Amino acid sequence: MTDIQAIATPTGSVPAELVDFVVHEARLADENRYAEWESLWADDGIYWIPTGDHKDPQTQVSFVFDNRHRIGSRIAQLLSGRRHSQTPPSKMRRQLTNFEVLSDEGGEVELAANFSLFEHRYTTTVWAGRYLYRLRHTADGLSLVKKTVLLINNESAIKTIAFIL
Amino acid sequence: MTIRLEQDRLAADAVDYEELIQRDRVHGSLYTDADIFQKEMRDIYESQWVFVAHESEIPEAGDYVRRRIGGQPLIVARGKDLKVRVMLNRCTHRGNMLCQSDAGNATLFRCSFHGWTFSNDGRLQGVSFRGGYEQSLGELRSELGLAEAAQVGTYGGFIFANLTGDAGDLEDYLGNAKDAIDRLVRMSPAGGIDLSAGWMKHDNNANWKVVNEVQVDGYHPLFVHESLYKAIKPAKVDYSSDELRVAVRDLGGGHSEVDYTAEYQAQDREFIWFSGIPRSRVPNYIEAMEALHGPEKTHDILVEGPPHTFIWPNLFLAEMQVMYIEPLSVEQTIQYTAPIKLLGAEEMSARIIRQTEGAMGPAGFLIADDAEMGERNQVGLHAQEPEWVLFARGFDTEKIEPRGITSYDRTSETSQRGMWQHYRTLMTETSND
Ligand code: FES
Ligand SMILES: [Fe+2]
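Protein chains in written order, with the working numbering: chain A, 1 to 165; chain B, 1001 to 1433.
Source of the hints: derived by calculation from the structure; they are not laboratory data.
Hints should not be assumed to be uniformly reliable.
What the hints assert, rightly or not - Pair by pair, the computed Cβ-Cβ distance ranges are:
(1) 122(A) x 1351(B): 27 to 37 Å
(2) 80(A) x 1281(B): 22 to 32 Å
(3) 31(A) x 1125(B): 57 to 67 Å
(4) 1126(B) x 68(A): 53 to 63 Å
(5) 17(A) x 1292(B): 54 to 64 Å
(6) 1132(B) x 52(A): 37 to 47 Å
(7) 1097(B) x 123(A): 24 to 34 Å
Unchecked claim - Once the Cα atoms are required to be at most 27 Å apart in a straight line, the calculated DSSO-like pairs of lysine-lysine come out as:
(8) 1201(B) x 159(A)
(9) 1233(B) x 159(A)
(10) 159(A) x 1230(B)
(11) 1178(B) x 1399(B)
(12) 1178(B) x 1236(B)
(13) 1201(B) x 55(A)
(14) 1201(B) x 146(A)
(15) 1233(B) x 146(A)
(16) 1201(B) x 91(A)
(17) 1178(B) x 91(A)
Unchecked claim - If you want a taste of the chain B side facing chain A, the calculated C-beta under 10 Å gives, among others:
(18) 1338
(19) 1369
(20) 1376
In this text, all values refer to a predicted model and were calculated from it rather than measured experimentally.
Each residue gets a CB set at the ideal place from its N, CA and C atoms; glycine is no exception.
Make the full structure from the sequences, and use the hints.
Spelled out as C-alpha cells, the structure:
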C-alpha cells in the first residue's frame, strides 16, 4: 500500500483535471448513477474497502475487493430493481478535501483525498475516511484503475454498504 | 476468581414463556421487549455454552483476542501452558478495562489506571506501591486474579465457553451439531481449519433471533436474493423446483441446518458448493485428499461439501464461512463473518476470501439484503397487531430421522421451530425457581 506519509504535491498544485475527475466520480456515486459510474472504470479496475488500513487482500478478508468483473456484477444487481438493501436507494452527499498527489509515473497518478459522506436511508449515517485513487491517462481521458476506501471505523462493525462508497 | 450469575429476580422471570412460545407461533414481544432481552443474556448467554473464538485465532502461547458475551467484555487467551482461558476484561482493582487491543500477544496485561499487572493466565502478578494494603501481596494475589469463565471447551478447533455455573458436557450440548463440525473439518486434508483471514463485522438493527432465523431459512431466497440470481448468477440449486432434495432439519438443542447432501448426491457433481470449479483448479488439494481418503471417499466429500448448520445460540457454519453473532441490545446485533481457510488446501484460500466478500458482510450480494430484511422485520414487529409471528409451515412434511426432525420441503419452518422450542425450555427453566 502507498505510504500515506509520502506527500508529493501540495494541495494547491494538484492538477485541476484530477480533482475534477474524482469530484465527478463522487457525484455519480452520490446520485446513484450506476451505469455512468461503472463507465469510469478501466478494464483492470479494483474497488477495495479493506477491514483495516494495512491489510493484504490476498490473505485478509476485506469488506469489498471487486475486480472489474465483480464491479459489473455489483452494478447489475443495483440496476435489477430488486436490491432490497438499496430499495429505496440511499440519498447521499460527500465532500472531498485535502487532495494530494502521491505519485505520478508511467501515465498513472495516485491521488489521495479525505472524505465525509452523509448517507440517508431511514436514518442519517456519517461515513468518513480517506480515498486513494489510481487514475490512468488514456486517449479518451482519465480512467479509474483503483479506488481504495479507508474508513476510519474499518476495524469496527459497520452498517450495510450496498450503495457505492 | 469465578463468575457469579446474577440471581436477582428479573421482571421478565414473571413472563409465561409456555404461553408466548407455542408449537406453530411465537409472540412478537419476544423480539422487542428489553426486559426479556436482559433475561436472555442471563439465562442463555451467561449460563449456557456459547461460541467465543477459534483456536486458529490464538495459535501461540500468549496470543489473545477480545470478545464479548452478553455485553461482558472478555479476553480469550492462550497461556504459556498452551491452555485456552476465557477471562473477564476487567481489572480486579477498580474495574478498568484491562486489555485494549482486539488481538495480540502478551505475557502480561498491565492495567493503565494504577499499574496492576496480570499474567495471561489471569493471575495477579504485581500491585503498584504494594505496601498500602492490610493483606500481604501473596494474599492479594490469591484473591484477586481475573474472573474466569466457569467452563471452556473446544471441539474441532471451535472454542466455547460457559460463563457461570454448570452447563454440562460440551459434547452433550453440541449433540447432533457435532457432526456438522466434523463435516467441515473433513474438508481439510490436514484435518483443520484456519480463520486467520479475519472477520467482517456488520452492525444490524435487528434482534439477535431474527438474525439467526434467516440463516437456516429455505423459504426466503427466491424473494430476498432475486436480484442476485437474476442479475448475476443463478442459485447453486433451483429453489423454485418441486423436485429439489434440500432438507431443513431441527437437530435438537436449538441447533438446525439446511442440508443439501441429498440434492448434491443426486447431481453427483463435485464443488457445487464452491461455484462448480473444476478439479484442475486445485490439483494439490485433490492430491492431498486422495492420499488421505482414496479416490472414492474424496469424490463423496467433494460432492457433499461443507455444512450449512446453525449452532445455538450464536454460531453459524455457513459452508465456507464461519459466522457468529453478538447481541448488543434487544434491537441491535453484530454479525461477524470469517472466510475459512482449509489447512492443506492453500490454493483455495484466496478464492474463498473473494467468495466471502462477494456473498457476505455489509456489502455482500446476499447478506446485505438479509440484513435489510432483518431490519424491516424489527420495524414491523413494533406493530402490536397481530400479536403472533407464524412458524406453521410444513408440519405435515416432517419426519423423524436419526439426525433430527426433517422436512424435505425446504420452505418448511422446521429449523426455526427447533430454535424456539429450545429457547422455551431455557427461558422456562429459570423462571420458576
Ligand atoms: S483499576 Fe486497574 S489498577 Fe486500578
Ligand atoms: Fe439469505
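Could one say that the CB atoms of residue 1132(B) and residue 52(A) fall in the range 37 to 47 Å? holds, 42 Å
Per the hint of 57 to 67 Å, is the separation of the Cβ atoms of residue 31(A) and residue 1125(B) within bounds? Roughly 59 Å apart at Cβ, these two residues keep to the hinted range, so it holds.
Original post:
Can the suggested window of 22 to 32 Å be confirmed for the beta-carbon pair residue 80(A) and residue 1281(B)?
Top reply: holds, 29 Å
Quick check on a hinted range of 54 to 64 Å for residue 17(A) and residue 1292(B), using CB atoms only.
holds, 59 Å
- request: Measure nothing beyond the straight line between the CA atoms of residue 159(A) and residue 1230(B); if it is 27 Å or shorter, mark the hint as holding.
  value: With a Cα-Cα distance of about 25 Å, the restraint between residue 159(A) and residue 1230(B) holds, given a limit of 27 Å.
Measure nothing beyond the straight line between the CA atoms of residue 1233(B) and residue 159(A); if it is 27 Å or shorter, mark the hint as holding. holds, 25 Å
Hint validity - residue 1338(B) Cβ closer than 10 Å to any chain A Cβ: holds, 7 Å
Exercise. How about residue 1369(B): closest beta carbon in chain A under 10 Å, or not?
Worked result: holds, 5 Å
Holds or violated: residue 1201(B) with residue 91(A), Cα cutoff 27 Å? holds, 23 Å
Open item on the list: For the hint 53 to 63 Å, verify it against the beta carbon of residue 1126(B) and that of residue 68(A).
Closed with: holds, 56 Å
Within a Cα-Cα threshold of 27 Å, do residue 1233(B) and residue 146(A) meet the stated pairing?
With a Cα-Cα distance of about 25 Å, the restraint between residue 1233(B) and residue 146(A) holds, given a limit of 27 Å.
Pairwise beta carbon distance, residue 1097(B) to residue 123(A), judged against the given window 24 to 34 Å: Holds: the Cβ-Cβ distance is about 29 Å, inside 24 to 34 Å.
Of the hints listed earlier, the one the structure fails to meet is number 17.
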